[in-house]
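Participant: Chain U is fixed; fit chains X and G onto it per the hints.
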Amino acid sequence: MAKHTGRGIAAIEYPTGMNQNGDPSQCWIKVKPDGRIDVFAGTADIGNGSKTIQSQIVAETIGVPYDWITYDNSNTDSSPVCTGTFASRATFVAGKAAEKAAQEVKRKLLDIAGKELEIDPSDLEIVDGEVVAKGAPQTKLSVGDVAAAATWGHGELITGTGAQLKPYAAIVDPETGEVDLPPHSAISYAACSAEVEVDDETGEVRVTRLQQCYDVGRALNPSQVEGQIEGGAMMGLGLGVLENCYPYYPSVEHRGGAFGSYLAPGMEDMPQIDTIMIENPSADGPYGAKGIGEMANNPQPPAIAAAVYDAVGVWVTELPITPERVLRALEAKAEPRREGKKVVFDEELSVNAVSSGGIRFEVPA
Amino acid sequence: MKVVGARIPRYDGVAHVTGRTTYVDDVRVPGTLWAKALRSPVHHAAVTKLDTSAAESMPGVHAVITWEDVPLLEYGHLSALGIPADEPLLAKDEVRYLGQPIAVVAAESEQLAAAAVAAIDVAFEERPALLDVRAAFDPDAPKIHQWGNWYPHFENEMDRRQIRKGDIDRAFEDADTIVQGVYRPAAIEHAPIETQVCQVVPEPDGRLTIYSCTQALYFSLGVVAAHLQQPLNRFKLVGGTTGGGFGGKVDTATETVTCLLVLKANRPVKWRWTREEEFLCSSTRAPWHMELATAVTRDGWILGQKMLTLHDAGAYARFSPYGLTKHSFHHTGAYSIPHLHFDGYVVFTNRVPTTAMRGFGVTSVSFAVETHMNRIANLLGLDPIEIRLKNANRIGDTSPNGVSYTDPSTVDTLKAIADAIGHELPADYRTMTNEPRSGELLPEHLVAQVGSTEGH
Amino acid sequence: MNLTVNGAACEIDGSALTPLLDVLRDELGVTGPKAGCHQGGCGACTVLVDGEPRRSCLMPAGYAEGAEIVTVEGIGAPEDLAPIQQAFVHYYAAQCGFCTSGMLLAAQAYLARGGSDDHESIQEALAGHVCRCTGYAKIIDAVAAAARGDSFDLTTTAVGKHTTMATGGAE
Numbered sequence: 001m002a003k004h005t006g007r008g009i010a011a012i013e014y015p016t017g018m019n020q021n022g023d024p025s026q027c028w029i030k031v032k033p034d035g036r037i038d039v040f041a042g043t044a045d046i047g048n049g050s051k052t053i054q055s056q057i058v059a060e061t062i063g064v065p066y067d068w069i070t071y072d073n074s075n076t077d078s079s080p081v082c083t084g085t086f087a088s089r090a091t092f093v094a095g096k097a098a099e100k101a102a103q104e105v106k107r108k109l110l111d112i113a114g115k116e117l118e119i120d121p122s123d124l125e126i127v128d129g130e131v132v133a134k135g136a137p138q139t140k141l142s143v144g145d146v147a148a149a150a151t152w153g154h155g156e157l158i159t160g161t162g163a164q165l166k167p168y169a170a171i172v173d174p175e176t177g178e179v180d181l182p183p184h185s186a187i188s189y190a191a192c193s194a195e196v197e198v199d200d201e202t203g204e205v206r207v208t209r210l211q212q213c214y215d216v217g218r219a220l221n222p223s224q225v226e227g228q229i230e231g232g233a234m235m236g237l238g239l240g241v242l243e244n245c246y247p248y249y250p251s252v253e254h255r256g257g258a259f260g261s262y263l264a265p266g267m268e269d270m271p272q273i274d275t276i277m278i279e280n281p282s283a284d285g286p287y288g289a290k291g292i293g294e295m296a297n298n299p300q301p302p303a304i305a306a307a308v309y310d311a312v313g314v315w316v317t318e319l320p321i322t323p324e325r326v327l328r329a330l331e332a333k334a335e336p337r338r339e340g341k342k343v344v345f346d347e348e349l350s351v352n353a354v355s356s357g358g359i360r361f362e363v364p365a
Numbered sequence: 001m002k003v004v005g006a007r008i009p010r011y012d013g014v015a016h017v018t019g020r021t022t023y024v025d026d027v028r029v030p031g032t033l034w035a036k037a038l039r040s041p042v043h044h045a046a047v048t049k050l051d052t053s054a055a056e057s058m059p060g061v062h063a064v065i066t067w068e069d070v071p072l073l074e075y076g077h078l079s080a081l082g083i084p085a086d087e088p089l090l091a092k093d094e095v096r097y098l099g100q101p102i103a104v105v106a107a108e109s110e111q112l113a114a115a116a117v118a119a120i121d122v123a124f125e126e127r128p129a130l131l132d133v134r135a136a137f138d139p140d141a142p143k144i145h146q147w148g149n150w151y152p153h154f155e156n157e158m159d160r161r162q163i164r165k166g167d168i169d170r171a172f173e174d175a176d177t178i179v180q181g182v183y184r185p186a187a188i189e190h191a192p193i194e195t196q197v198c199q200v201v202p203e204p205d206g207r208l209t210i211y212s213c214t215q216a217l218y219f220s221l222g223v224v225a226a227h228l229q230q231p232l233n234r235f236k237l238v239g240g241t242t243g244g245g246f247g248g249k250v251d252t253a254t255e256t257v258t259c260l261l262v263l264k265a266n267r268p269v270k271w272r273w274t275r276e277e278e279f280l281c282s283s284t285r286a287p288w289h290m291e292l293a294t295a296v297t298r299d300g301w302i303l304g305q306k307m308l309t310l311h312d313a314g315a316y317a318r319f320s321p322y323g324l325t326k327h328s329f330h331h332t333g334a335y336s337i338p339h340l341h342f343d344g345y346v347v348f349t350n351r352v353p354t355t356a357m358r359g360f361g362v363t364s365v366s367f368a369v370e371t372h373m374n375r376i377a378n379l380l381g382l383d384p385i386e387i388r389l390k391n392a393n394r395i396g397d398t399s400p401n402g403v404s405y406t407d408p409s410t411v412d413t414l415k416a417i418a419d420a421i422g423h424e425l426p427a428d429y430r431t432m433t434n435e436p437r438s439g440e441l442l443p444e445h446l447v448a449q450v451g452s453t454e455g456h
Numbered sequence: 001m002n003l004t005v006n007g008a009a010c011e012i013d014g015s016a017l018t019p020l021l022d023v024l025r026d027e028l029g030v031t032g033p034k035a036g037c038h039q040g041g042c043g044a045c046t047v048l049v050d051g052e053p054r055r056s057c058l059m060p061a062g063y064a065e066g067a068e069i070v071t072v073e074g075i076g077a078p079e080d081l082a083p084i085q086q087a088f089v090h091y092y093a094a095q096c097g098f099c100t101s102g103m104l105l106a107a108q109a110y111l112a113r114g115g116s117d118d119h120e121s122i123q124e125a126l127a128g129h130v131c132r133c134t135g136y137a138k139i140i141d142a143v144a145a146a147a148r149g150d151s152f153d154l155t156t157t158a159v160g161k162h163t164t165m166a167t168g169g170a171e
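Residue numbers (our numbering), protein chains in the order written: chain U, 1 to 365; chain X, 1 to 456; chain G, 1 to 171.
In isolation and in its complexed conformation, chain U is listed as follows (with noise of 0.2 angstroms):
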């Protein structure tokens, strides 16, 4: 019984944004008499945190501490319209409308204030809840005041209405598969190092060390990237050694209807995680933000794959590596068949062995 270690690599790109776009999400924003705001979003938190997010970006985009924030997702009487929180579009695209919403918003407050002040509105700026004109900060009024003004001198209710929405990309070619308008709102990237240990008797693989870079575009708020980071790390490594709907694929036999009978990852299964972040905004998202949700499951099972290869000198290519696909391939030798310049891996697995004619996979030699 000998433990092995290795090492495998995997590079990977995902897209922010429904695919091919067409998915809007919008945000309307009210200021109390007090200045304090109200934010009216319909996206859903599902744990990803974009309630705070978008509380985060109203409040700088305004130029008010966060805590005047009020944000409000909960029903479809009071909220906009939001597609929903999937294909890592909450941050991009609920996160766009609402700082569409909150310069509305500012806009008005500076008109307000100006009026006030009897100062032109460019030459004012809001920093931590007041009013101030720029490069004379003795000059001031606060947020509060503008508001107040706004309701009991002027007779205005101060809202911003921000909506996001990227045209459908309707067209796609049947033969070519070209389209007609980028599909997507931006492209995140990442790189992983995976590191395992492998039991040679068992089969067991232990995956003990994730390193991992994520280009989030920027990191809005740096400690929910790292809670999806983490919390996606454990799920790529689930699709990659533990999981399985049906352990008997194709078979729909021996399911597990329980914690315990379907492995979900739990804290025994924890790798030591590493995250490097960078920022290469994108164009258009809000503060440059991209995606990240989805993407931060996608690298782990092929590093993974790659490490078990390093270890202990077989691919397997069937997810998740079991301990029972460890050991068959250990014990199968398996080698690529070579045909000309061909090398064909996997063959007992493809169409070509399985089906009876009706679709086959054919490369020349």
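Wrong hints could be hidden among the right ones.
To be verified - Simulated coverage check for chain X against chain U, where a stretch passes if three residues somewhere in it have a Cβ under 8 angstroms from a Cβ of chain U:
hint	stretch
1	28-36
2	408-414
Unchecked claim - Here are a few chain G residues that sit away from chain U, every Cβ distance over 12 angstroms (derived from the structure):
hint	residue
3	G41
4	M59
5	P60
6	A77
7	A112
8	G128
9	T156
10	A166
Derived from the structure by calculation, the hints contain no laboratory data. Just so it is clear, CB atoms sit at the ideal spot from N, CA and C, and this is done for glycine as well.
Facilitator: Chains X and G alone, transformed into the frame defined by chain U:
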């Protein structure tokens, strides 16, 4: 910047750690009935008998819903994108997967609801099941879907998603080596700690309040409204705080049926799936079957990639055509490959319909392309980071479907990892950037694929 | 049947065989413990029974008669957070929050029996609590910090201890 970029604590952090965050199951409405479903015990069968009268007449049972109660029985998850509907909300004449809901009961207690489900008189005539996507195309395969065994409604009624770029035969001719492999990632569960759940309350003004765990309030609102043939403001969907989703709570699996029960019973109803239902009956990530044949030069240029993808959609289409399309647009991974031949099929099988899960469409590509790339590096005796850096997307390179990359950072992320693991790169690799290809990084075979370097 | 929940005496109408989880949530309206699986597999239903973390979904309510039952609501409140709750906020140890109640109580019991900031010990103490969101790392960091007796700045969250921020790429 003061707020953006800062490590602000969660907006709902204090609520989470004090047990005060309200999830759907925490909502308490007096008089709420429990829902339980009758589900198919077989993979594929005709429903030859469905008699709910015994269940309906049980004391404490307030409503039983079948397909007959649904105003619009089939509304596709992608109907808004013009993709035809194929899945009945509740099974009509047949069942196509083990666990498919046939009838749903609302009763005074969970036990009563379960007893009523057991009292429903249902009979099946089993049919052969199709479970292996590779066998779906064979003439003797059981036919399990009204459209045939694979989705036939891509553009121009194509039966596959097709990408063609350059000349794959030329790439194979010019290659020094062609590497073939087969990649099969499994179906996995979303397995959020909160199961599928919703609570619907009839309001005095005739509206229905739907407490939902959906990831997509407005998408789910639209699905419910379409099935019930009602305007959007007939419903108030309350949610926005989900106990984990990962793509599994977009399907709108409980809301419509629960609304129908409420309309029939005129009482609030809660449908909370058991963990067993969540594991065995809720939609899953799709299993994928991918075959690659990659034309490479001995010094590590990827000239071309031929790929066949079979996406296991399970019994119904749901979001699968969308997922396969996204997969096809990204099927070269992080690399600029000029000659491409991709065919992808959405294949139906008699298992629980598959759906979006974290990385939908691309997680599978990443596994196939990256494992394959590592095999290629290993076969050619090349460094796995260097071969990637060479072929990595650069500004102006084009994607499989002709879109120019404006800000790729594969080079940056790989260099950062090389640094982190103490892997010394040769000088010409250390100085690589994302800038448009030129000189040695623009060999003849990559010239034609270079597109615009303007932003989008 | 009488139960003592978070220091308060409660009279229960339901059967002694009803799972304690359902009595707490449905009869008493104490919704901190969550129904994650009703199979004892996820830990989201965890409550402290005489200081011990127990799966309330598997415990007949009658078993808890005469014992001190503590749920997450009983260890701290928004205006007066327990150190472990503060730690979870500061270390961003909760995302969707659904596993959090159970996780906190297991951690609280670990701290109460003198648990150290050793990561393996913490993993062992919290093993069997399933979290699908966080990947566990920040949960471990939070418990370790509470074990050390750190004080927590609740206006910010901690930098991940294995995180490097770097700039790169075109701008």
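Participant: Next, verify each hint and record whether it holds.
Facilitator: Hint check:
Interface restraint, the stretch 28-36 of chain X with chain U: violated (0 residues with C-beta to C-beta distance below 8 angstroms; minimum three). Remark: the stretch 408-414 of chain X is confirmed as covered by chain U, as 6 of its residues place a Cβ nearer than 8 angstroms to a Cβ of that chain, reaching the required three. Look at G41/G: its CB is around 3 angstroms from the nearest CB on chain U, not clear of 12 angstroms, so calling it non-interface is violated. Every C-beta of chain U lies more than 12 angstroms from that of M59/G, the closest at about 18 angstroms, which supports listing it as non-interface.
For P60/G, the requirement that its beta carbon stay farther than 12 angstroms from each beta carbon of chain U is met, with the minimum near 20 angstroms. The Cβ of A77/G lies farther than 12 angstroms from every Cβ of chain U, with a closest approach of about 19 angstroms, so its non-interface assignment holds. Distance check on A112/G: its Cβ is at least 19 angstroms (rounded) from any Cβ of chain U, clearing the 12 angstroms threshold; non-interface status holds. Taking the minimum C-beta to C-beta distance to chain U, about 7 angstroms, the non-interface status of G128/G is violated against the 12 angstroms cut.
At roughly 9 angstroms from the closest C-beta of chain U, the C-beta of T156/G falls inside 12 angstroms, breaking its exclusion from the interface. A beta-carbon of chain U is positioned within 12 angstroms of the beta-carbon of A166/G; the least distance is around 5 angstroms.
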